[in-house]
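**Q** Sequence:
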Amino acid sequence: MFRKKSRSRVRHHRAQWKKITAPELIRCPACGELKPPHVVCPACGRYNGRQVTG
1 MFRKKSRSRV RHHRAQWKKI TAPELIRCPA CGELKPPHVV CPACGRYNGR QVTG
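Note that the numbering used here gives residue 38 to position 38 of the sequence shown, counting from 1, and the numbers run on in steps of one.
Because the hints were derived from the structure by calculation, they are not lab data.
Note that the structure is a prediction, hence the values are computed from the model and not measured.
Every residue gets a Cβ at the ideal spot worked out from N, C-alpha and C, and that includes glycine.
You can trust all of the hints, since none of them are fake.
Ranges between beta-carbon positions, derived for each pair:
| no. | residue 1 | residue 2 | range |
| --- | --- | --- | --- |
| 1 | ARG9 | GLY49 | 46 to 54 Å |
| 2 | LYS4 | GLY49 | 55 to 63 Å |
| 3 | PRO37 | LYS5 | 32 to 40 Å |
| 4 | TYR47 | THR21 | 19 to 27 Å |
| 5 | GLY54 | ARG14 | 46 to 54 Å |
| 6 | CYS44 | PRO23 | 13 to 21 Å |
| 7 | SER6 | THR53 | 51 to 59 Å |
| 8 | PRO29 | LYS4 | 49 to 57 Å |
| 9 | GLU24 | PHE2 | 33 to 41 Å |
Cut-off 27 Å, straight-line C-alpha distance, at most; resulting in silico cross-link-like pairs (DSSO-like, lysine-lysine):
| no. | residue 1 | residue 2 |
| --- | --- | --- |
| 10 | LYS18 | LYS5 |
| 11 | LYS19 | LYS5 |
| 12 | LYS35 | LYS18 |
Start from the sequences and build out the full structure, keeping to the hints where you can.
**A** Shown next as structure tokens:
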């Protein structure tokens with residue numbers, strides 16, 4: 001059978017589940033707009049120094 005979880009363990013588990021982190025943003029080296037890392041820049045369409053979208 002399973003042992004009963006203590007109140008502090010249950011609360012710790014629930015607190016971790018509800019934790020949310022702010023999205024990490026970096027500046028595009030080409031245009032300077034904020035964008036998520038490892039994603040094509042939505043403003044200028046460049047990724048890794050190359051033009052990807054028209």
